[in-house]
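Peer 1: Those protein sequence lines, which keep their order, are chains L and X.
Mapping the first sequence onto the numbering used here, position 193 (from 1) lands on 193, and the numbers just tick up by one.
Mapping the second sequence onto the numbering used here, position 301 (from 1) lands on 1301, and the numbers just tick up by one.
Source of the hints: derived by calculation from the structure; they are not laboratory data.
Careful: at least some of the hints might be erroneous.
[Unchecked claim] Derived EDC-like pairs: lysine to aspartate or glutamate, alpha-carbon spacing no greater than 20 Å straight-line:
no. : chain 1 : residue 1 : chain 2 : residue 2
1   : L       : LYS124    : X       : ASP1409
2   : L       : LYS37     : X       : GLU1410
3   : L       : LYS37     : X       : GLU1401
4   : L       : LYS37     : X       : ASP1414
5   : X       : LYS1425   : X       : GLU1410
[As the list claims (entries may be wrong)] With beta-carbon atoms standing in for the labels, derived distance ranges:
no. : chain 1 : residue 1 : chain 2 : residue 2 : range
6   : X       : ALA1498   : L       : GLY260    : 48 to 54 Å
7   : L       : TRP207    : X       : LEU1367   : 56 to 62 Å
8   : X       : GLU1401   : L       : GLU132    : 43 to 49 Å
9   : X       : GLU1313   : L       : ASP30     : 37 to 43 Å
10  : X       : LYS1425   : L       : GLY134    : 44 to 50 Å
Backbone N, C-alpha and C define an ideal beta-carbon position, used for all residues, glycine too.
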Amino acid sequence: MSGTAKLKETAWCPGCGNFNILKSLDAAIDTAGLDRKRLVMVSGIGQAAKCPHYTDANVFNGLHGRALPAATGIKIANRSLTVIVASGDGDMYGEGGNHLLNAMRRNIGVKAFVHNNQVYGLTKGQASPTSEPGFVTKIQTKGVVLEPLNPLALGVAENCSFVARSSSVMPEHLTAMMAEAIKADGFALLDILQPCVSFNKINTAKWYKERCKELPADYDPSDREAAFAAALKWGDEIPVGIIYRGTRRSFEDMTTALAGEPLRAFSG
Amino acid sequence: MDANIRIAGEAGQGVQSAGELLTSAFHDMGLHVFSTQSYMSRIRGGVNSYDIRISDEELHSGREDCDVLAALTAESFATEKKNVARGGLVALDGAAGPDALSLDMTAAAKEAGGARMVNSVAAGIVFALLGYDIEPLAKAIGKAMSKKGEETVGANIEAARRGVALAAGHEGLVKAPVPGERRGELYSGSEAVGLGAATAGVKVVCSYPMTPSTGALTYLASVADRYRIVVEQAEDEICAANLICGAAYAGATAMTTTSGGGFALMAEGLSLAGMLELPIVIMLSQRPGPATGLPTRTGQEDLLFAVHAGHGEFPKIIYAPGTIGQAYEMTRRAFESAHKFQTPAIVMTDQFLTDAKKNIPELPGALDPVDAHIETAPGADYVRYAVTESGVSPRALPGGEAFVVCASDEHTPDGHLTEDLTARKAMQEKRMRKAALAAAEAMPPEFYPEPDETVLLCWGSTYGPCREAVDILRAKGRKVCMAHFAQVWPVWAGAGGALEGRRVVSVEGNSTAQFALLLRQCGAVSRFDSILRYDGLPFTGAEIARRFKS
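Using the sequences plus the hints, can you model the full thing?
Peer 2: Next up, the structure:
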């Protein structure tokens, strides 16, 4: 069954990177051959977090920053479901930062697609955890002084199953990365760079297009040291692709009570 | 006839192990037992104590004074000596004045194999002072320490025997109840809550450890394989609340355990469960606050907080078991109600009840899952939040034929977010119709022994002490009864009628008489007196009777 993204119903600004992400998501669901009835889209709060509502899938749109705990609970309750989190950088890296760290540590089989536009959208333009130093906002009036969060390096450090980056400005690449993430066992983090047409005048679509560059063909994502180097790279060139593949078993596979039939298989 | 034995010493000396050994041995001998713990928030040092009250009749609470004090340190002796009853005896490890038997327990422990066994020596001394044969204690040691190996068991039994020898000449000096037949099984409040949850079919337990709630979590972890439960330690209480919401959404019966501070962090998740209409259960084991308060002590200070917890308005059901047996029953009932009304339910306990141990009729341990009220065959036009007359919408699970969509934003019946204010009003009214439904099924209080002129009003763990106080006061001819509420929210609609024309004295472990205030808010009482305790220790029956004024 092909997805019917409800693009006209969205609460997004014209030109938002979320549109491409939604289209890629729809395509990736089909590419990965997912049964949408067995797919749960989970999110927190924010403009990106509205994404699940525009998909044909089960939806759990919970609290700000708390998508990962809810997704973890869903996966534990019924590991036969595919659980994808689609939420923003403020939600996943800011409000929910501790949950991200622990989802990585658990290596729970949840796929986190983070719409990262390096700014807060729904609250109108404040700094996000990935805003660059010097980024001026109505709150950070003299520019951001905090070091940006590096989610990819965290993923490598915590040795989770899948760490990748793509961008809404390269939709085909994004679809491929999403499909790979869905197929991966254990926790998958896909950081998706996207423009915010309303509040980020620095990291625009053009800015990303000029910088995002696919990892070389001979890049080995199982090499953890190389993965750290790739994860730390930022600036004139930003690597996109599968940064790291860990070999740890998933939380589901390591948990005795989750062996065999799903804890709550759909049987009534 | 009852006797109260108190083991007191430093944290790390095995006060708790000795207390548990004695509790188990006395129970096996055929005595009624009621044990309570008083301990400090530290791993070493300080003064901890463990009380084991024994009787030939059923017991409902502890006592402030004790008939035998086994003091393992000079500091614990100094703290506790004022609490020794007339005719009582003190055994002190080390040099003592005329107030105590000076018995070198540490030396005896060393002779048996190591100073760490001083607690087993003390247990032996207790048995000797009460005039009991040591065999049941030796058996209890064997049972409790079998995993540590025969050598450890043997050494500890030897330590207990050396304790008996130390007490030579003082055997049977303390009047003790006569053992009868072994009655029921021993449970702590924590175990009863845990067993209630496990048999009710809980499948996902996610908590952050916090005293005094950790006992229930530990118990559930210990039976996780038997009942197939995932017990996951959360990174914080916010995770715990949200994780069980996710698990409940996907169809697993789910709960978390916490205390006041952790519950505060869960408030947003509680509200989420209200909005998403998810059946989650929270065990809230209270301790005194505000803030970190007294981490290892008891209190009943979180009632109004729990009743009002979570932003916005949504139905919520709160039970407050008064006994260990009720801890099991009310936990099961919490799961039943949460699923029936698709809304969060809370079981309020406290340090006194969770740590207390008592022999009660054996609790059913077989898996007997509550009805989860699942819609197993949702049609093509299924929507999760159908507006119904009862307010309860058929609950399907994701993974079936219909999409299950939910949003923490206000939503239309299909679960998608909306800012249609007419739809909002209809949805809020739908949710609150469930509150009315739950109120109609609220439990009446238990009157003991029967309604009378004066009512000692209580809720939660104050049951036992209040009941004992009623016995004491009635023996003096006072027309006093107890009304205990094991469900505190929604308040039983008949409360006003049942209390009308009676003098109400609210007995609560807080400084503001929260339950009486709640009843007044509901119009169930207008005037009341109160007996309150908020020093971190539990009430005793004797204390309530002493403080009661006609």
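Peer 1: Next step is simple, just say for each hint if it's right about the structure.
Peer 2: Hint check:
| no. | hint | in the structure |
| --- | --- | --- |
| 1 | L:LYS124 - X:ASP1409 | holds, 19 Å |
| 2 | L:LYS37 - X:GLU1410 | violated, 24 Å |
| 3 | L:LYS37 - X:GLU1401 | holds, 7 Å |
| 4 | L:LYS37 - X:ASP1414 | holds, 15 Å |
| 5 | X:LYS1425 - X:GLU1410 | holds, 10 Å |
| 6 | X:ALA1498 - L:GLY260: 48 to 54 Å | holds, 51 Å |
| 7 | L:TRP207 - X:LEU1367: 56 to 62 Å | holds, 59 Å |
| 8 | X:GLU1401 - L:GLU132: 43 to 49 Å | holds, 47 Å |
| 9 | X:GLU1313 - L:ASP30: 37 to 43 Å | holds, 42 Å |
| 10 | X:LYS1425 - L:GLY134: 44 to 50 Å | holds, 47 Å |
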